[in-house]
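Number of protein chains: 2
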Amino acid sequence: MIDKKIFKCLRGDESEIALVQEGLKIDIRISKIYEALFTLEEMREVFRHALPAGLDDSEEERIDEGLKRLERILDEIRQQKGNRLRYVSDKIELRTREEEFINIDPIQAGGRLTLDARKALIAYGDGYSVCDNCLKPFRLDKIKKPPIDRFHDELAAFLGMDEARVVPGARRGFQAVVSSLVERGDPVLLTSLSHYTEFLAVEESGGVVREVMADENNIITADRIAERIEEIERKDGKKPVLMILDHFDYQFGNEHDVYGAGRIAKEYDIPFLYNGAYTVGIMPVDGKKIGADFVVGSGHKSMASSAPSGVLAVREEWVDKIFRTTDIRGDLTGRKFGVKEVEMLGCTLMGAPLLTMMASFPHVKERVKRWDEEVRRSNRFIETFLKIKGNRVLSEMPRKHTLTRVDTSASFDEVAKTHKKRGYFLTSELKKRGITGVFEGATREWKFNTYGLTDREVEYLGSAFIDIAKKYGIEVEA
Amino acid sequence: MIDKKIFKCLRGDESEIALVQEGLKIDIRISKIYEALFTLEEMREVFRHALPAGLDDSEEERIDEGLKRLERILDEIRQQKGNRLRYVSDKIELRTREEEFINIDPIQAGGRLTLDARKALIAYGDGYSVCDNCLKPFRLDKIKKPPIDRFHDELAAFLGMDEARVVPGARRGFQAVVSSLVERGDPVLLTSLSHYTEFLAVEESGGVVREVMADENNIITADRIAERIEEIERKDGKKPVLMILDHFDYQFGNEHDVYGAGRIAKEYDIPFLYNGAYTVGIMPVDGKKIGADFVVGSGHKSMASSAPSGVLAVREEWVDKIFRTTDIRGDLTGRKFGVKEVEMLGCTLMGAPLLTMMASFPHVKERVKRWDEEVRRSNRFIETFLKIKGNRVLSEMPRKHTLTRVDTSASFDEVAKTHKKRGYFLTSELKKRGITGVFEGATREWKFNTYGLTDREVEYLGSAFIDIAKKYGIEVEA
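Line order of the protein sequences matches chains A and B.
1 is the number of the first residue of the first sequence in the UniProt record's numbering; add one for each residue after it.
1 is the number of the first residue of the second sequence in the UniProt record's numbering; add one for each residue after it.
Treat the hints with caution; some may be incorrect.
Which copy is meant is left open, because identical chains are indistinguishable; a pair holds if it fits in one copy or across any two.
[Stated by the list, open to error] Calculated pairs, DSS-like style, for lysine-lysine (alpha carbon to alpha carbon, straight line, at most 27 angstroms):
#1 Lys-81 to Lys-432
#2 Lys-321 to Lys-239
#3 Lys-417 to Lys-288
#4 Lys-145 to Lys-288
#5 Lys-91 to Lys-365
Quick caveat, the hints were computed from the structure, so don't treat them as lab data.
All chains, please: the whole structure from these sequences, using the hints.
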């Protein structure tokens, strides 16, 4: 057992002191792996300033020192000992959330990097790293090495669409479509469960939001969409110029009738943007089958990529509108700017985040095929979770997604009322058990996401909740 | 000497075969450092799927295997032997440009990551990695851990402005300002040397571009700006609603009269956006002293950060306009979205690129103080370069920047005319000497950037050009 004071001095994190107190030891090897990674980066730095002719004596010495330090670190890993590294650099703490905990954060699950993505990040971190071989016509999606051009083709095919572009986040995909289609005062159809970034995109364009209300089960139905369109046409004097529907919303993770929406969109001749922030990259999405004109996905939410990243895919008939190339010219010089696309502002996602998308992509293509298993595990966890008396699920049941909203007002919140840590007792108890991602202090309504967890992790997670309930005398069904 | 065929099989890169032929050996340790980094990532991956309770036997075995592999790699580093790693992952090649070469690419110099930025990238690669401690009011620039809030304050102070936001690239900074100020048909003052992304931002807004022509020395002067504003007012019936001036342009790296422009902007009461893509992060910039209303910088161009990243800083009086918070609400639900900023689309630069900006920032703050040395080295290289008969500098002289445009039509292009590799002979000869970044095949007009090179690298670079000139019988001044 490490002395509490020493531990605090080394790390200063109360929750981990608790971990040590509970006997759930943080594995020192995680910190040591970081130390070794950083030492190798220091050695790499030597080569970055060396002459091509070779290292000089002092540089050779630094490499030697690096090797020696690595040897010591490998020894510490073998012996599972040594001090913990606290900082990446001045003021920036080491991040070990994914290594030390089971993370059920509602938005982080699908954006964890794959091993290949982390390797790509190491290799392609420098600013304009993907531009080494940028040749005519000088546009990101035309670069062949690394194979960015092919990746774009594969992305479009993956989404069942005709053309795709990477963008710095799904929100930038919404912005590009809205900016192309919506004029001041135009009605845009969103829903009562739409993500705020859709609202902001409409606000920036000067458009007017018209919501479709979810039904009593918090589902957006095709009937309601059709009714609302007719109402808007009656009241505003014109149909919405665009409709945006989240396949699964961020509040409940409920599935909305995107196929029905696709049908309605065609019937009323309204362009349809499918928001796949919670689907593209974790479950199969076929834009044309859905009847979408535009498909937007998020790299950092669901495609195992670094932020900010995302994809905007469109059907053939929209390519000239959304991906229109520049038409402007210098009024005196007559300068023109070739094939640069206006809404993309030229190149969009040079560098590191794009490479993480590309490196993760083969794995993403495979993992969407296993979506059923993810949903099964989600339901399996919920089943355990509901054994705790008072726990309720606010999302649709059975779950069709791994993101779920729950209400523990009648269970954990009852404990919080008299606990000295108040609502923080729950997150604290979870952390002691190596679980993180629940909003700090939340004991009433909160969300979690089991995406990417294995069977044994889901089982562990369920046991942890049962264990906490029992510890505080909450009744648990056998 | 490695056999040519084997080398080609291992790496497949003609230019490097040439390197080996010339006896300039690529240091195998660079590739081995990558192998070790990747092996550590594989070990890290084990912990990412382990239960908090600890590793099981098969996981322990994988850690052991990793340790053994690392031992072998360290041995290979010591003995400088072993095979070269070619790929990061399927289809994505290893990138060793910065380690193996002196890179004088015109756009890559200022965006090379610092050691601390590379460490931060390793730790914060996962999608929403900076959102672990996102609390009310839920906005990126308010996050305290990692210290993103303080970074924003420091950024504003660093630029001599009042408020700053990070953005996914300088172009997104232009877009935010233009979208806030420019209505359809409004004239916007750019110059004959403006970057294309400024044109695209104006095009997206529906504005009209009006250029100021550079003078005979390719400099934008205050007089010309004033004249042009008066002409626009006469002809268009209104003044420009915005003027954008690049402090140093991307074509010549010439300095334009931003202080004069600041004066004119005030005199004519026109908002002034200072484009510091080639200054912010490499030389001191004081926005208020310049008289700028907005300062835009690029993380991946000049702040040692991963793409896409940048900064938009504004003066107090513009905060409410450019960083206006959302006003839109759901027409049925009445939903509102708090302090989210419209032009930022909420949060802008979550994750990896932001952390590289933050980790590099202390170094960036120091390096701008050494700008004079950078300029001195730039001029020192030019001096050597001009000893080669026929070489000309198209940028202003003496150089005030490290980015320079040259014309070698009367020297290297003469060689290219009869060389079997044509224009590629020059880049090939440079690569043999461990130098990269000159546009492949260019022997007439081309650009380079010496930013970040040490004295000895600049000396080596000069010698290499002299050496190539002599090899091909071009006259060289003693």
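Tell me, in ascending order, the numbers of any earlier hints that this structure violates.
As far as the earlier hints go, 3, 4 are violated by this structure, in ascending order.
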